[in-house]
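Enquirer: Turn these sequences into a full structure, and let the hints steer you where they fit.
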Amino acid sequence: MMNWKRKDLLGLKDLSAEEIKLILDTAVPMKEILGRRIKKVPTLRGRTVVTLFYEPSTRTRTSFELAAKYLSADSVNISTSASSVVKGESLKDTARTLAAMGADVVILRHPMAGAPVLLARTIRAAVINAGDGTHEHPTQALLDMFTVREKKGELAGLTVAIIGDILHSRVARSNIWGFTKMGARVRVCGPATMMPPEIEVTGAQVCLSIEEALTGADVVMMLRIQLERQQQGLFPSIREYARLFGLNRERLSLARPDALVMHPGPMNRGVEISPEVADGVNSVINEQVTNGVAVRMALLYLLSGGGMPDA
Amino acid sequence: MHKLLLKGGRVIDPKAGEMFTADILIVEGKVAAIGPALEAGEGAVMDVTGKLVAPGLIDMHVHFREPGFEAKETIASGSRAAARGGFTAVVCMPNTDPVADNRAVISCIKARAQETGLVKVYPVGAITRGIRGEELTEMADLKEAGAVALSDDGRPVASAAVMRRAMQYARMVGLPIISHCEEPALSAGGVMHEGYMSTVLGLPGIPAAAEEIMVARDIILSEYTGCPLHIAHVSTAGSVRLIREAKARGVPVTAEVAPHHFTLTHRAVANYDTSTKVNPPLRTEDDVAALKEALADGTIDVIATDHAPHTLEEKDVEYQLAPFGLVGLETALGLVWTELVIPGVLSPVEAIRKLTVNPARILGLPEGVLKVGGDADITIIDPELVEVVDPATFASKGRNTPFAGRRLQGLPVATIVKGQVVYNRNLAVIW
Chain A
1 MMNWKRKDLL GLKDLSAEEI KLILDTAVPM KEILGRRIKK VPTLRGRTVV TLFYEPSTRT
61 RTSFELAAKY LSADSVNIST SASSVVKGES LKDTARTLAA MGADVVILRH PMAGAPVLLA
121 RTIRAAVINA GDGTHEHPTQ ALLDMFTVRE KKGELAGLTV AIIGDILHSR VARSNIWGFT
181 KMGARVRVCG PATMMPPEIE VTGAQVCLSI EEALTGADVV MMLRIQLERQ QQGLFPSIRE
241 YARLFGLNRE RLSLARPDAL VMHPGPMNRG VEISPEVADG VNSVINEQVT NGVAVRMALL
301 YLLSGGGMPD A
Chain B
1 MHKLLLKGGR VIDPKAGEMF TADILIVEGK VAAIGPALEA GEGAVMDVTG KLVAPGLIDM
61 HVHFREPGFE AKETIASGSR AAARGGFTAV VCMPNTDPVA DNRAVISCIK ARAQETGLVK
121 VYPVGAITRG IRGEELTEMA DLKEAGAVAL SDDGRPVASA AVMRRAMQYA RMVGLPIISH
181 CEEPALSAGG VMHEGYMSTV LGLPGIPAAA EEIMVARDII LSEYTGCPLH IAHVSTAGSV
241 RLIREAKARG VPVTAEVAPH HFTLTHRAVA NYDTSTKVNP PLRTEDDVAA LKEALADGTI
301 DVIATDHAPH TLEEKDVEYQ LAPFGLVGLE TALGLVWTEL VIPGVLSPVE AIRKLTVNPA
361 RILGLPEGVL KVGGDADITI IDPELVEVVD PATFASKGRN TPFAGRRLQG LPVATIVKGQ
421 VVYNRNLAVI W
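First to last, the protein sequences are chains A and B.
Under the working numbering, read the first sequence as residues 1 to 311, first letter to last.
Under the working numbering, read the second sequence as residues 1 to 431, first letter to last.
One thing to keep in mind: the hints can contain errors.
EDC-like, lysine to aspartate or glutamate: derived pairs with alpha carbons at most 20 Å apart [as the list claims (entries may be wrong)]:
no.: 1; chain 1: A; residue 1: K92; chain 2: B; residue 2: D273
no.: 2; chain 1: A; residue 1: K92; chain 2: B; residue 2: E314
no.: 3; chain 1: A; residue 1: K92; chain 2: B; residue 2: D316
no.: 4; chain 1: A; residue 1: K92; chain 2: B; residue 2: E313
no.: 5; chain 1: A; residue 1: K13; chain 2: B; residue 2: D273
no.: 6; chain 1: A; residue 1: K13; chain 2: A; residue 2: E198
In case anyone wonders, no lab produced these hints; they're calculated from the structure.
Only a predicted model underlies this, so the values are computations on that prediction, with no experimental measurement involved.
Expert: Next up, the structure:
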């Protein structure tokens, strides 16, 4: 068993398959803790975890906060409005202040790509990227991989279809890096206006139609379509988007019968995903949320200097 | 009488395309003689054996930030950087605060340069008031005050109608237009080249098309109006093709490239290093190859730095928040030598031509040549000297360079403006 050597978790692009496996393996006993009646272990007692969120988020922030609490770390939440990114205290100064107050782990969500890289260069504390602009959202991808591995046993050889606004999706980027490193095939599909240039270099295969992307897929990952993208002229209407790229029961039948349906949330029911699919037998959307806490516990544990837990 | 003899150097005559061993005698700031075995008499002698003696280099694209942004750079600090980089003359872009869109600001820049007295500073006037792209400036007045060209550099002239009128009027006045080619509707929000690196890094991209559409538009307008057009900081293979084709057709168009664009690619952005954030952005390997080819075949006439200093605080932020621009004066010649001359893309004479006579010709300046009776503006180059770039040693206030730690060979060792040695790295002067 290898040990964790990195100070930070900034993205999945630079992680090895072994490192990803270590995180996923570490999350297994963490999930077991979540199933106990008393969900608390003393592992990180005396450690301080700060969530620093420059973007509104309920589920990711709460997930990290609970992960810290279940491990007995002290946690503090700082939510800052996006406007303060432009004026007021700089990210580096905020980070230095937190470091001076003794934070051991800083979890950063930021609207701009690369902000966690800047933070990690500035402070000695461990930095976890909780989503930066359209760059990466590694903990989301790790919880997605954990969920799939739990259901399918293995990631290698699987076909994963990611559907939607790939251009603006950090979830898609992290999942492409993560799943391909673990030996899965990743297909991406969405409006041509929302497909990043030369996405093939990441190892993903571009599909022109949702039917092509879904055929034979083991995992179907639907992305949230941001309704304001329509005003930006990236697609003509919600109606046409739903018609071309929405997942319904009929389309899902193209995938393997035991295909998993995933969504990082929050969902636009009736737009990118029909309610009967979101709540159907193939859906693992709620389990993703539970597994998110387990994976984040694993990361807090590893970044705080642990090997495998004896929990 | 002030005399200085440069003894034993290899003199480069970029106009004639020759390089020969000769001494140069400078008397009262002018070149008095060029020839073998000259005597200084009672004057000083600088031994330049083994060095190249070139006409003073001209950088036709710098931002000295004064008036208005003196924390980034001043005419004094910028001039020191120019002298240290081997430049005897610079051409300052008008995006100061206030903008150089009227006689008063042009006069102010010239007066501050006079006080500094290091290198020659030629101002560029704005094409439109406040570089807002709407109303034309008083171009005749700007020319009379000393503007050598017109540009809204830093911002494109978005309206084709405004650019068309500007070219008609500028041609009448007799000033070239220097165009910053960028279609703002395509570049909006972008911070780096749009391609696989922007996809991987998740940063908003600026497609090559944003530049090329404007290059094409301005070439068409130049052809239509007959106004001499100079395309600033060409960065893409597509722009090169358009310029090459226009030149072949006889359109009065010229072009420049910046050292960072023929040296670096968008891969340099990989770690979100804000010193790589520049507009136009660092492009692909294919673009770099096309720029080198265009330098070699003469499609690109000029090498200019687009020296754009910023403070440390401004650049030490999230990539998307950092301002565009990097400093170039003190690394330019080393990059030209290391990236172009040593690998054989350009001969020493061709390289010097793009830093002297060519910009002088485009702007109608008397400099750029070494001739008896002309100003003794001279750059001494040591083609063997090697240095690792250390921004801490820069004379510029700006430290925003992506070249820190890079090994450069072929560096300026002395800079002489009107016979005065304004920079001397290591040459002995004997009285």
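Enquirer: Against each hint, give a clear statement of whether it holds in the structure.
Expert: Results of checking the hints against the structure:
With a C-alpha separation of about 14 Å, the suggested pairing of K92 (chain A) with D273 (chain B) holds against the 20 Å cut-off. Distance restraint check for K92 (chain A) and E314 (chain B): the Cα-Cα separation of roughly 12 Å lies within the 20 Å cut-off, and the hinted pair is therefore satisfied. A distance of roughly 8 Å separates the Cα atoms of K92 (chain A) and D316 (chain B); the hinted pair therefore holds under the 20 Å criterion. A hinted pair counts as satisfied when its Cα atoms are at most 20 Å apart, and K92 (chain A) with E313 (chain B) qualifies at roughly 10 Å.
Between K13 (chain A) and D273 (chain B) the alpha-carbon distance is near 18 Å, which keeps this suggested pair within the 20 Å criterion. A distance of roughly 16 Å separates the Cα atoms of K13 (chain A) and E198 (chain A); the hinted pair therefore holds under the 20 Å criterion.
When held up to the earlier numbered hints, the structure conflicts with none and fits them all.
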